[in-house]
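Using the hints provided, position chain Z relative to the given structure of chain G.
Listed here are the chains, written in short residue letters.
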Amino acid sequence: AQKVTQAQTEISVVEKEDVTLDCVYETRDTTYYLFWYKQPPSGELVFLIRRNSFDEQNEISGRYSWNFQKSTSSFNFTITASQVVDSAVYFCALSERTGTASKLTFGTGTRLQVTL
Amino acid sequence: DSGVTQTPKHLITATGQRVTLRCSPRSGDLSVYWYQQSLDQGLQFLIQYYNGEERAKGNILERFSAQQFPDLHSELNLSSLELGDSALYFCASSAGTESNYGYTFGSGTRLTVV
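Protein chains in written order, with the working numbering: chain G, 1 to 116; chain Z, 117 to 230.
Each pair of labels, with its calculated beta carbon distance range:
1) Z/Gln160 with G/Val13: 23 to 33 Å
2) G/Leu48 with Z/Asp156: 17 to 27 Å
3) G/Asn58 with Z/Asp156: 26 to 36 Å
4) G/Ser61 with Z/Arg226: 21 to 31 Å
5) G/Val13 with Z/Ser196: 38 to 48 Å
6) G/Glu15 with Z/Pro186: 46 to 56 Å
In silico lysine to aspartate or glutamate, EDC-like type, Cα no more than 16 Å apart, as pairs:
7) Z/Lys173 with Z/Glu191
8) Z/Lys125 with G/Glu44
9) G/Lys38 with G/Asp86
10) G/Lys3 with G/Asp22
11) G/Lys3 with G/Asp29
12) G/Lys38 with Z/Asp117
Hints in this document: simulated from the structure, not taken from any laboratory. Bear in mind the structure is a predicted one, so any value in this text is a computation, not a measurement. We put the beta carbon where it would ideally sit given N, CA and C, even for glycine.
Same shape as in the complex, but just chain G (with noise of 0.2 Å):
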């Protein structure tokens, strides 16, 4: 079975600070996409992006950055001069065959507190 594993359960950091959150994943499948989402309080999950299994390059999108390493099953994700707005909840996840069908297998997530 897949799995993902976030052992960051909450992370608390002053504004403007750089933060990095952990994902580690297993997976038998050679072709496989992770993906990061961002839970605010409000409670729906935003998309924040996709990658597949096949590209290891690191990706930046604004303040944002993620860090895809096969080698050691790690697709992290930075959050650079962080911001109150950021405060989240952040989920890694890993979508998995099942057959003729896929689904994403979710982390536990990682709770982010931005103080000022």
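Below, chain Z without anything else, positioned relative to chain G:
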């Protein structure tokens, strides 16, 4: 607005009752997924439909059932409700069934069983 519509947003009901949650997928998406987010279990996959057919089942209780209609909207039926069924229920949609399609989530239905 993600394009995935879930109704109602909030639902409060008593134990033993039956409720129906509704999901309209993003325009053009054929797959619908249901997820349950509870405090103790995290985000758990329940079931997936593709173009009206059930494609994958996860940790869905026998008291729960779902279907996808010809217009592609989906309903999740929860019966004989228990206190432990209180959770946030998400619907997601994607264009197909393969992993390379993105998943778009609705804003969820918060179910409280009292």
